[in-house]
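Asks: Please put together the full structure from these sequences, using the hints given.
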Amino acid sequence: MDGKVSQPETKSKHTKVLKSDERPVDYTPVSLTDLPETPTRDRNIAASAWDQAPNILKTLGESLDGKPEAVFKRRIHGWLLWRAGPTLGPCRYLALDPSDHDRFYIFDLDGNKNDSGQGPDRLRHTRFRSWKESLRDNPIPNVPETN
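With the numbering used here applied, the sequence shown closes on residue 147, and no number is skipped along the way.
It is worth saying that the hints were derived from the structure and are not from the lab. Careful: at least some of the hints might be erroneous.
Claimed, not checked - Derived pair list, reagent style BS3-like, types lysine-lysine, alpha-carbon separation capped at 27 Å:
hint	residue 1	residue 2
1	58	113
2	113	67
3	113	132
4	67	132
5	132	19
6	19	67
7	58	132
8	19	113
9	58	19
Nothing here was measured: the structure is a model prediction, and the numbers come from that model.
Replies: See below:
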């Protein structure tokens with residue numbers, strides 16, 4: 001024995017992380033429990049793939065250039081966060097209560113620093129970060145657990 005310890009050969013389970021706007025759109029049907037807590041790094045989940053997608057979500061990008069379909073981004077303390085349009089704008093974000101589709105908040109990011117949206121704190125936010133903090137500070141109670 002030469003004192004050297006050999007390590008078993010392992011294969012990386014990591015997938016290449018793509019920029020949000022470079023990720024392919026996934027139209028595979030999903031239910032609420034399939035929508036992950038954190039952002040997906042290899043794909044964007046299309047709004048039309050969600051079996052419970054309300055009309056406000058299906059039409060989120062209609063007034064934007066190119067009429068982009070919304071894609072799922074993440075959950076923020078129970079809120080489902082979706083975006084229609086490119087990351088840096090112009091785009092529109094939707095925070096949706098999964099148990100009450102009439103309860104939602106929209107944030108418009110125009111790409112020219114004229115960003116605006118009302119949060120669940122009933123305040124008008126001009127910074128995307130403060131709008132997301134409003135979602136965090138006003139969590140949805142009794143949210144169904146994800147897988």
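Asks: Taking the hints in turn, state whether each one holds.
Replies: Verification of the supplied hints:
Taking the CA atoms of residue 58 and residue 113, the gap is near 26 Å; set against the 27 Å cutoff, the hint holds. Proposed proximity of residue 113 and residue 67 is supported: the alpha carbons are some 21 Å apart, at most 27 Å. This hinted pair checks out: residue 113 and residue 132 have alpha carbons roughly 17 Å apart, not beyond 27 Å. Note on residue 67 and residue 132: the hinted pairing holds, with a Cα-Cα distance of about 24 Å set against a maximum of 27 Å.
In summary, the hint linking residue 132 to residue 19 is supported, as the alpha carbons are separated by about 20 Å, within the 27 Å threshold. A distance of roughly 21 Å separates the Cα atoms of residue 19 and residue 67; the hinted pair therefore holds under the 27 Å criterion. Taken as a hint, the residue 58 and residue 132 pair is honoured in the structure, with Cα atoms around 21 Å apart against an allowance of 27 Å. With a CA separation close to 22 Å, the supplied pair residue 19 and residue 113 stays within the 27 Å bound.
Taken as a hint, the residue 58 and residue 19 pair is honoured in the structure, with Cα atoms around 23 Å apart against an allowance of 27 Å.
When held up to the earlier numbered hints, the structure conflicts with none and fits them all.
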